[in-house]
Structures are given as C-alpha cells and as structure tokens.
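Turn these sequences into a full structure, and let the hints guide you.
Below are the chains, spelled out letter by letter.
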Amino acid sequence: MNKIFTSFDDAVSDIKDNATIMIGGFAGPGGTAQNLIKSLRDLGANNLTIISNTAGFASIIGFGALPGHIPIDVGILIDNHQVRKVIASFPVSPSPSKPNSFEKAYAKNEIELELVPQGTLAERIRAGGAGIPAFYTPTGLDTHVTKEKETRFFKQKEYVLEEALVSDFAFIRALKADKFGNLTYKGTSKNFNAVMVTAATVSIIEVDEITEIGGINSNMIDTPSIYVNRIIEIRK
Amino acid sequence: MNRLPRDIIAMRIAKELKDGDVVNLGIGIPSLCSQFVPENKTIFYHSESGVLNYGPMSESGLEDPDLINASGQFLAPVAGMSFFNSSDAFAMIRGGHIDVTILGALQVSAKGDLANWMIPSRGIGNVGGAMDLAVGAKKVIVAMEHTDKDGNPKIVSECTFPLTSRKCVSLIVTDIAVITVQDEKLILIEIAPGWDFAKVQELTDAPLVLSTDIKAFSV
Chain A
0 MNKIFTSFDD AVSDIKDNAT IMIGGFAGPG GTAQNLIKSL RDLGANNLTI
50 ISNTAGFASI IGFGALPGHI PIDVGILIDN HQVRKVIASF PVSPSPSKPN
100 SFEKAYAKNE IELELVPQGT LAERIRAGGA GIPAFYTPTG LDTHVTKEKE
150 TRFFKQKEYV LEEALVSDFA FIRALKADKF GNLTYKGTSK NFNAVMVTAA
200 TVSIIEVDEI TEIGGINSNM IDTPSIYVNR IIEIRK
Chain B
0 MNRLPRDIIA MRIAKELKDG DVVNLGIGIP SLCSQFVPEN KTIFYHSESG
50 VLNYGPMSES GLEDPDLINA SGQFLAPVAG MSFFNSSDAF AMIRGGHIDV
100 TILGALQVSA KGDLANWMIP SRGIGNVGGA MDLAVGAKKV IVAMEHTDKD
150 GNPKIVSECT FPLTSRKCVS LIVTDIAVIT VQDEKLILIE IAPGWDFAKV
200 QELTDAPLVL STDIKAFSV
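Each protein sequence line maps, in turn, to chains A and B.
Following numbering that gives the first Met the number 0, the numbering of the first sequence begins with 0 at its first residue and continues without gaps.
Following numbering that gives the first Met the number 0, the numbering of the second sequence begins with 0 at its first residue and continues without gaps.
Hints were generated in silico from the structure; no laboratory data involved.
Virtual Cβ for every residue (Gly too), placed ideally from N, Cα, C.
No false leads were slipped in.
Cross-link-like lysine to any residue pairs, in silico, SDA-like; alpha carbons within 25 Å at most:
(1) A:K235 - B:S59
(2) A:K185 - B:H96
(3) B:K138 - A:Y135
(4) A:K185 - B:S70
(5) A:K146 - B:P161
(6) A:K146 - B:P119
(7) A:K156 - B:H96
(8) B:K148 - A:P98
(9) A:K156 - B:T179
(10) B:K166 - A:L140
(11) B:K166 - A:Y135
Which bits of chain B does chain A cover? Going by a derived footprint, with three or more residues having C-beta under 8 Å, they are:
(12) 79-86
(13) 116-125
(14) 150-163
What follows is the structure, encoded as structure tokens:
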C-alpha cells in the first residue's frame with residue numbers, strides 16, 4: 000500500500016470529463032489545495048461539477064491572502080472553460096464592481112449554479128460521507144434556495160429535506176500527513192477539508208509535510224487514514 | 000438631518016451583549032461591534048470559518064492565511080481559541096449554541112423577516128452562512144443604515160428582496176433609531192438626536208409604534 004504521490008499532475012491524471020470534484024477551503028488560500036487545482040487546469044478535464052464553498056474570488060479581491068500574493072482558486076478552472084456546474088454557498092465576489100470569472104460566465108449562461116446555504120452544504124457533504132441519504136433542516140425554509148423541496152413538520156415546526164452530496168474526487172489541503180494518510184490541519188483551514196475528505200471516492204491531499212508513521216501524535220489526528228487515498232507533499 | 004456614524008451603531012449594539020454570550024458577527028457594521036465591548040465582559044466570538052473565542056485582528060507582518068474570520072480578516076492567535084470544521088461550525092449555529100448574531104440587512108419587515116443576501120438587480124448573490132445564522136442563533140440583531148443609498152426605506156411592510164429567513168429579527172439598530180420587533184409589530188424604543196417619531200416614520204415603510212418608554216439613542 001502506497002498512498003504517496005510525488006507529482007501533482009500524476010495525482011490528478013485519472014480525472015475524466017464529467018467528474019464531480021469537491022474542493023476544500025473557505026474562500027481564501029488558507030485550506031485550499033492550490034497545487035491540485037493548478038494540475039487539474041493543466042490536465043484539462045471538461046464538463047466538471049465543482050462542489051466548493053465559493054466559485055473562486057480570492058484571486059480577484061485578495062480574500063484571506065497575504066499582501067502581494069495572488070491565490071489560485073476555482074476561477075482558473077472556470078477561465079479554462081472546464082466547469083459545467085458549481086455547487087456553492089458564496090459563488091460571487093462580495094464586491095459587485097469586481098466580478099469573478101464565475102459571475103461573468105453565469106451572466107452568459109455558460110455555467111450552472113446550485114446555491115446552497117453554507118451550513119446545509121457542509122451537512123450535505125457530512126451526510127454523504129456518513130451514509131445518510133438525506134436529512135431535514137430548518138435552514139432556508141420559504142426561500143429561493145429550497146424551492147420545490149419537500150418539507151415536513153416535527154413538533155409543530157417545519158423543516159426542509161436536503162439530500163447528501165458525494166463526489167468522484169476531493170482536493171484537500173492539510174498541514175501534515177503520516178505515511179498511512181492520517182491528517183492534521185492548521186487553524187481555520189479545517190473548514191470544508193475535514194468534511195469533504197470523507198465524501199469522495201478518491202480523496203487527494205496536499206500537505207506541507209509527510210511524516211513517518213507515528214510522526215503525528217495519535218491524539219492529534221483530525222482525519223483518520225481510512226478517508227485518505229492519495230497524499231502529496233508540497234515542495235518549497 | 001444628522002445620521003449616526005457606523006461606529007455609534009456598533010457601540011449601541013455592543014451594549015446588548017451579555018457576559019458569557021457566544022456571538023457571531025456578520026460582515027460590515029456588525030464586524031465593528033467587538034471593539035466596543037467593555038473589558039469586564041467576556042464574549043466568546045464564533046466565526047463560521049471554524050474558530051471560537053477569537054480576539055483581536057493580527058498585527059501587521061504576522062498575518063497567517065490559516066487563521067481568518069468569515070470576512071477573510073487575519074486573526075491574532077490567542078490562548079483558549081478552538082478550531083473546528085465547517086460541519087461543526089454550523090452544528091453550533093443550527094443547534095442553538097450561538098446566543099447572538101449581528102447581521103447586516105437589505106430589508107427587514109414588520110414581522111421580523113430578513114432579506115440580506117441578494118440585490119435583485121445583480122441577479123445572483125451569496126447566501127454564505129446568513130440563512131443558518133438567521134434560523135439558528137437565539138437572538139438576531141440587525142445593524143444597518145435606516146435607508147438604502149437612494150434613500151429608500153429598508154424597514155418595510157413586506158420584504159420584496161429574496162428572503163434570508165422569516166420572523167427571525169428581534170432588534171434593529173440603525174443610524175437614526177432603535178426598534179424592537181414584538182408580536183409582528185415594530186416598536187420604536189430609541190431615537191437619535193435631532194429626530195422624532197414622525198421623522199423616523201417618514202423614512203420607514205412599515206408602521207411604527209412609539210414605545211411608552213421612549214428614550215434617546217444611548218451608547
């Protein structure tokens with residue numbers, strides 16, 4: 000058993016057209032697997048469905064990015080016309096005067112959007128990884144994002160039925176992996192990574208460091224190796 | 000007529016926060032509130048980026064992209080802060096573990112309905128965590144200017160913009176007034192200097208009820 004890859008291009012090389020890919024991160028470069036995104040752009044697989052909190056605007060407005068650093072995000076896949084559909088909670092730039100690539104493509108009907116409240120998005124992915132096909136939530140009742148969805152009352156309160164999400168691949172950014180694939184994250188970069196890693200057929204994790212077995216204290220492991228298929232170290 | 004500055008709105012809302020409250024701050028005016036909480040109160044700030052008990056922003060030069068709030072601001076590392084994934088961040092919100100959320104708004108209705116995620120003319124918007132916060136926090140406070148940039152009332156009989164959540168807002172603090180939502184009525188409880196009931200009503204689409212205990216806007 001070897002989960003370790005040494006080339007980002009190799010790690011994504013079996014992604015085919017029409018694949019569904021979860022991409023972790025909140026919005027900025029922290030927790031975003033920028034090297035894997037870049038290799039997917041170079042690979043050129045088309046007609047992709049991307050599940051991610053945003054549709055890429057960090058590169059436009061510098062969200063969560065260090066001064067002078069232009070982060071890589073989903074925007075480069077959209078610029079390269081590889082994306083058919085985005086499932087996201089925060090698809091467009093917070094600044095309407097600085098639209099992202101997604102908003103421009105959306106205005107031209109070149110891309111589809113499934114807008115999902117952020118907590119519902121996280122829970123749909125959690126459910127997908129946990130074998131739960133659907134669940135009821137109070138979020139989004141009577142709003143645009145739950146139109147035509149089933150509802151049901153529990154204890155006199157109405158809830159919306161939301162279905163689980165799974166994917167073919169997940170791009171995950173963690174701090175460290177050991178050679179089994181046990182992971183730790185850093186700070187607020189757990190975000191969607193620690194959820195998406197559970198819900199993909201193939202999870203691919205880029206990390207600062209791959210350690211020997213035991214290199215991460217067992218009490219400090221955030222994601223057990225069972226969820227991890229491929230790991231790759233970022234070369235500095 | 001004088002409008003109160005954003006800092007004063009934030010200062011007024013900070014008075015609503017109680018020692019030990021877990022608070023989630025939205026983008027804009029809400030993000031200013033934390034700096035006006037007196038030192039004898041301990042507030043636990045929660046952000047859906049996956050952090051509880053954050054404190055001040057990072058010092059210049061020490062920014063860490065792995066330590067941000069939901070507005071993308073860099074946080075300083077402080078003792079006692081904890082990190083969690085997005086599923087847990089929203090379990091805390093939906094599960095009723097957040098005492099207060101302070102949100103911006105495009106429109107609030109007399110019933111306390113909130114619209115804050117999409118300006119219809121843009122044709123697309125960001126929901127982010129707003130719908131979960133509006134539904135899940137024990138108390139929803141709205142911080143906003145009383146009218147939009149064209150002078151249209153933002154407190155309306157019925158929201159015409161896409162809804163975030165129904166019947167969720169309990170307190171509205173604007174640049175001219177403080178209004179509570181009680182039993183689908185808007186009660187005017189504080190008025191900014193230079194304003195009176197009639198002038199506030201003129202800029203409010205929904206009918207206001209003058210509190211029997213009306214006060215000056217006080218921070």
